[in-house]
Amino acid sequence: MPSKSKVMIVDDDGSIRETLTDYLDAQGFTVASAADHQSALRLAKSLSPDIAIIELAQNGGGLALFLELRSFSSVPVIFLTEESEESDCIISLEIGGDDYLTKPCNPRELTARIKAVLRRTNPASDKPVNLATVETLSFGHCHFNSSTHELTKATGETVMLSKGERKLLMTFLANPKTVMSREHLLDATQNRRKDIYDRSVDNLVSRLRKKLEVDPHAPRLIKTYWGGGYSLTSDVTAASDVIVRSD
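Plus 12 on top of the position in the sequence shown (first one is 1) and you've got my numbering.
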């Protein structure tokens with residue numbers, strides 16, 4: 013992902029705009045915000061943002077803004093929706109949104125979602141990691157050998173991973189610092205879509221944590237996110253060459 017990606021935030025709550033602007037600015041983004049429909053349209057035309065964060069509610073204003081924005085721009089959009097309005101979450105994707113988060117949102121999770129959307133919508137700017145060409149990957153306090161399937165911890169202890177654990181770890185290593193849903197992980201590890209009662213991914217994450225984490229009960233490498241997502245928090249490196257860097 014190119015440095016200084018431009019983010020436009022549209023929310024009528026000044027405290028939310030300020031909080032998100034300060035956090036994203038500290039993460040290396042160029043950030044501008046607007047409080048209403050017309051200001052947002054002017055900003056979009058002058059800034060040409062790489063991604064927009066739009067509050068969907070605003071008495072329907074978020075939807076109207078999105079539709080008008082689409083008349084002259086294909087900028088990817090992440091909607092902010094109210095936690096109590098499940099229908100808003102569905103609508104935000106049905107109308108063409110790229111992702112959504114419920115309010116109040118965690119700025120760190122929003123940052124991860126922004127990076128993930130930018131990777132999907134502008135793949136040329138961030139080439140995918142070709143794990144098949146790298147034998148040993150380092151992340152956090154661990155090293156993983158993709159040929160022998162051995163995981164070596166900071167203590168020097170080496171453990172073997174099951175096929176499911178290995179697939180899950182490789183999915184995390186290919187998408188570091190990206191929040192991935194249970195559905196995505198289930199599809200990646202077992203080639204099937206998620207059933208609402210299926211908790212096999214949660215069990216698989218739990219088993220992998222026992223082999224990765226210093227303290228599986230207080231995980232630091234694989235974090236859980238509200239709403240059913242998981243993320244690898246660490247950078248991933250190969251020998252002395254960085255494959256994926258934090259931005």
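Treat the hints as calculated values from the structure; they're not laboratory data.
Just so you know, even glycine gets a beta-carbon here, dropped at the ideal spot from N, CA and C.
There may be inaccurate statements among the hints.
[As the list claims (entries may be wrong)] Calculated pairs, PhoX-like style, for lysine-lysine (alpha carbon to alpha carbon, straight line, at most 20 Å):
1. Lys-57 with Lys-115
2. Lys-179 with Lys-115
3. Lys-175 with Lys-115
[To be verified] Just the calculated beta-carbon pair ranges, DEER-fashion:
4. Gly-40 with Asn-118: 41 to 49 Å
5. Val-171 with Ala-76: 50 to 58 Å
6. Asp-227 with Glu-195: 48 to 56 Å
7. Ser-85 with Thr-164: 43 to 51 Å
8. Pro-228 with Ala-76: 44 to 52 Å
9. Arg-131 with Lys-175: 50 to 58 Å
10. Leu-79 with Gly-168: 52 to 60 Å
11. Glu-162 with Lys-57: 21 to 29 Å
12. Glu-94 with Arg-232: 52 to 60 Å
13. Lys-57 with Val-226: 47 to 55 Å
14. His-153 with Lys-175: 29 to 37 Å
15. Trp-238 with His-153: 21 to 29 Å
16. Asn-157 with Lys-57: 32 to 40 Å
So, going through the hints one by one against the coordinates:
1. Lys-57 with Lys-115: violated, 27 Å
2. Lys-179 with Lys-115: violated, 32 Å
3. Lys-175 with Lys-115: Roughly 37 Å between the alpha carbons, so the hint for Lys-175 and Lys-115 is violated.
4. Gly-40 with Asn-118: 41 to 49 Å: Roughly 18 Å apart at Cβ, these two residues miss the hinted range, so it is violated.
5. Val-171 with Ala-76: 50 to 58 Å: Given about 54 Å between the Cβ atoms, the range holds.
6. Asp-227 with Glu-195: 48 to 56 Å: violated, 28 Å
7. Ser-85 with Thr-164: 43 to 51 Å: Since Ser-85 and Thr-164 have Cβ atoms about 48 Å apart, the given range 43 to 51 Å holds.
8. Pro-228 with Ala-76: 44 to 52 Å: holds, 47 Å
9. Arg-131 with Lys-175: 50 to 58 Å: Because 27 Å falls outside the window, the suggested range is violated.
10. Leu-79 with Gly-168: 52 to 60 Å: holds, 58 Å
11. Glu-162 with Lys-57: 21 to 29 Å: Once the Cβ atoms are compared, 54 Å apart, the range 21 to 29 Å for Lys-57 and Glu-162 is violated.
12. Glu-94 with Arg-232: 52 to 60 Å: violated, 31 Å
13. Lys-57 with Val-226: 47 to 55 Å: holds, 50 Å
14. His-153 with Lys-175: 29 to 37 Å: violated, 24 Å
15. Trp-238 with His-153: 21 to 29 Å: Roughly 26 Å apart at Cβ, these two residues keep to the hinted range, so it holds.
16. Asn-157 with Lys-57: 32 to 40 Å: violated, 51 Å
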